[in-house]
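As a plain string of letters, each chain reads:
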Amino acid sequence: DAGVIQSPRHEVTEMGQEVTLRCKPISGHDYLFWYRQTMMRGLELLIYFNNNVPIDDSGMPEDRFSAKMPNASFSTLKIQPSEPRDSAVYFCASSLGQGMGSYEQYFGPGTRLTVT
Amino acid sequence: AQKVTQAQTEISVVEKEDVTLDCVYETRDTTYYLFWYKQPPSGELVFLIRRNSFDEQNEISGRYSWNFQKSTSSFNFTITASQVVDSAVYFCALSHNNAGNMLTFGGGTRLMVKP
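Sequences listed follow chains P and A, in order.
Taking my numbering, the leading residue of the first sequence gets 1, the next gets one more, and so forth.
Taking my numbering, the leading residue of the second sequence gets 1001, the next gets one more, and so forth.
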């Protein structure tokens, strides 16, 4: 398997622009997670999906952030409008998970976002 | 509330030394899972190990070993005979079994192994 795929790997944009990050989870995984990593706050969970349905978005910082998962093999995280404080590395991860089991998450390579 | 504490923010050792990375967690769940991830300079997060709360046996994988002690809520990671390639940031994480597979990460420990 190719692992979790994220695009783009790097994104530089100007404040106020819309940014869309993309993720393809590992085939067969039914959980998908979006994280943000910054020096100040470390790794933060933004939102996660189970079987394409958003389960918990309490980590989404504000209304400028939105995430969708239209099918089992694709998810997007959108920031509109972007601000300099959104600069971070955004990771997508996927995992198997069923019943009482809790399975390891496999991470994509991340998207390094810089908002100027 | 779930919490993971990695008190060592940075550790520096010389190659071939043994090093232990500490992890202390807090949870009210009776069933939970603990994880270690490695983040090398290239930036990706690599899964190393998962441990469930019912299994306190220590685990060894090559030069890596993990010591899980429920009595002290600790899940420490030891690298034996460290190598330069072990230089990375290591994260300990705790799952919220009652909330799907959400992970709470510790702040990470940066390990620098010098030749």
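Watch out, some of these pointers could steer you wrong.
[Claimed, not checked] DSBU-like cross-link-like pairs, simulated, lysine-lysine; straight-line CA separation at most 30 angstroms:
id : chain 1 : residue 1 : chain 2 : residue 2
1  : A       : K1070     : P       : K68
2  : P       : K24       : P       : K78
3  : A       : K1038     : P       : K78
4  : A       : K1070     : P       : K24
5  : P       : K78       : P       : K68
6  : P       : K78       : A       : K1003
7  : P       : K68       : A       : K1038
8  : A       : K1038     : A       : K1070
[As the list claims (entries may be wrong)] Which chain P residues stay away from chain A? Per the calculated CB distances, all over 10 angstroms, these:
id : residue
9  : E14
10 : T20
11 : D56
12 : E62
13 : T76
14 : A88
15 : S95
16 : Q105
17 : R112
18 : T116
[Said to hold, decoys possible] Facing chain A, according to a computed beta carbon distance under 10 angstroms, are these residues of chain P, among others:
id : residue
19 : F33
20 : Y35
21 : L43
22 : E44
23 : N50
24 : D63
25 : F65
26 : A72
27 : F74
28 : F91
29 : L96
30 : F107
31 : G108
Because the hints were derived from the structure by calculation, they are not lab data.
Remember, it's a predicted structure, so these values are computed and weren't measured experimentally.
For glycine and all other residues, C-beta sits at the position ideal for the given N, C-alpha and C.
### Task
Hint by hint, work out which the structure violates, then give me just those numbers in ascending order.
1, 4, 11, 15, 16, 17, 24, 25, 26, 27
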